[in-house]
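Those sequence lines, one after another, are chains G and P. The first sequence lines up with residues -16 to 256 when you count with my numbering. The second sequence lines up with residues -16 to 256 when you count with my numbering.
No lab work stands behind these hints, which were simulated from the structure alone. Careful, some of the hints might be misleading.
Pairs count within a copy or across copies, as identical chains cannot be separated in the list.
[Claimed, not checked] Distance condition first, Cα-Cα at most 30 Å in a straight line; then the derived BS3-like pairs of lysine-lysine:
# : residue 1 : residue 2
1 : K201      : K140
2 : K8        : K54
3 : K166      : K105
4 : K234      : K6
5 : K201      : K54
6 : K160      : K105
7 : K169      : K(-15)
8 : K160      : K244
9 : K140      : K166
2 protein chains.
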Amino acid sequence: MKIAYLGPIGSYSYEAAKRFFGKEKENNLTACDTIDDVFEAVEENEAEFGVVPVENSIEGSVSTTLDYLLKSQVYIVKEIILRVEHYLCVREGIEQILTVASHPQAFSQCHDYLRKNFKQAKLIQVSSTSYAAKMCAEGEVDAAICSLFASQQNNLKVLAGPINHDNNYTRFFVITKSPNFEKGNKNKTSIIFSTYDKPGSLYKILAIFNLYDLNLTKIESRPAKTNLGEYVFFVDIEGFVDEEDVSDALKVVQRKSTFFKLLGSYSVILPDE
Amino acid sequence: MKIAYLGPIGSYSYEAAKRFFGKEKENNLTACDTIDDVFEAVEENEAEFGVVPVENSIEGSVSTTLDYLLKSQVYIVKEIILRVEHYLCVREGIEQILTVASHPQAFSQCHDYLRKNFKQAKLIQVSSTSYAAKMCAEGEVDAAICSLFASQQNNLKVLAGPINHDNNYTRFFVITKSPNFEKGNKNKTSIIFSTYDKPGSLYKILAIFNLYDLNLTKIESRPAKTNLGEYVFFVDIEGFVDEEDVSDALKVVQRKSTFFKLLGSYSVILPDE
């Protein structure tokens, strides 16, 4: 069994994958360069599962994940929420920090700390925090802002942290080709639907959720990319597909929308579980 | 008059800024390293205007922009929509392409082309497409995927393009400290509001827009970061604040929500204008 994830090793997707699949499946994990590659590995049966960031990620574009969920034939079978914590790390022996490498979004999340403590340091923007850790280990920069995990992987010394602003979370989805949905304690169901671009069309669909007392935990509109002025809505609902309110509501939504896709019904792994 | 934008020079934010402010204001443009820096420059009166990506950007996190719109005292006075087109560019004299640099999201958007034509090439992920162009010019990689503009800035030869998938757009906002809203042909109004996390609370607010026949062009929920379970909604409405339906609806929304903020009322510059 192969599990594709958005690499490199030590990335937050890697941590999420380990969180769900456990240490014993560590050898099954296969790093992919891009979110596209993860989806393709699963679609083309090169991997049974994929792990991708979906919201507030610091590793890549969430819109890429949403686009693939729309167009590919995979299902969401688990959500993993990780607390994102950044640490300032250096090689052994470094005494003065003149250059710091990290992902632009990590710099953004540690903005206050950097401004207060390292206003003069040169910030080198790279494509991932784990790559920043690797650069630091190889002597290309004095320090890196990365996860605790990446610092350990690269034998870096942790100088300070967590140095990011407030509580910051990243959501990951575990995707697979077969819709074997498993219920847990806290469940969600994700769908995509389209309506025409006229006043009140979204409102009409939301009336259905309201009628069945369903709580939405997320709603996001995106251009459908098919016809101009047509939108798709990504909606997450509290509840599992085997519950009557959920399944009845989805049937009506499907009938009243111009496009409908069930992305999955899954339980959620919270950071402190 | 200073205009802060998300740099470096040649970035899509730079193009957006030039698009709105015109060639004659080119010398007023000041590159910032991060979206945070753009907002701070405007807030602290170092710049009169700021230009930041807000949706589907390839240059940085859109959530950073949304977070700052929520917490900072600036207004949106213009929206600029750019068609994002990526080109494969090389230095003069390069005959074989073994390494290609670009932003991860640009790689993602050119995935099919790269897979078909450069399956063996090594992809080097960097923090921006304009930085990739610079790396290529300096001989660090054989090719870069970047904008036409960045290729010109770095004297690169365009080999192919646009090589990205389908029509791809990025939205930018022009921000400033004073709410001097100017009406144009196609207008939008952006607000943020909060409701409590209970079934039907969003539905109730959308009923107000429905009542006043207002069309939403975007809706996105985000955790409020204040109380757990509280959400903020970013909503864009067609229409200008001086229209009766818009102003009346906003008054009711403000009264019925737990938090309300008018982000701005502005006209839109489309790609082909």
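Checklist entry - Honestly, which of those hints from before does the structure not fit? => result 1, 3, 4, 9
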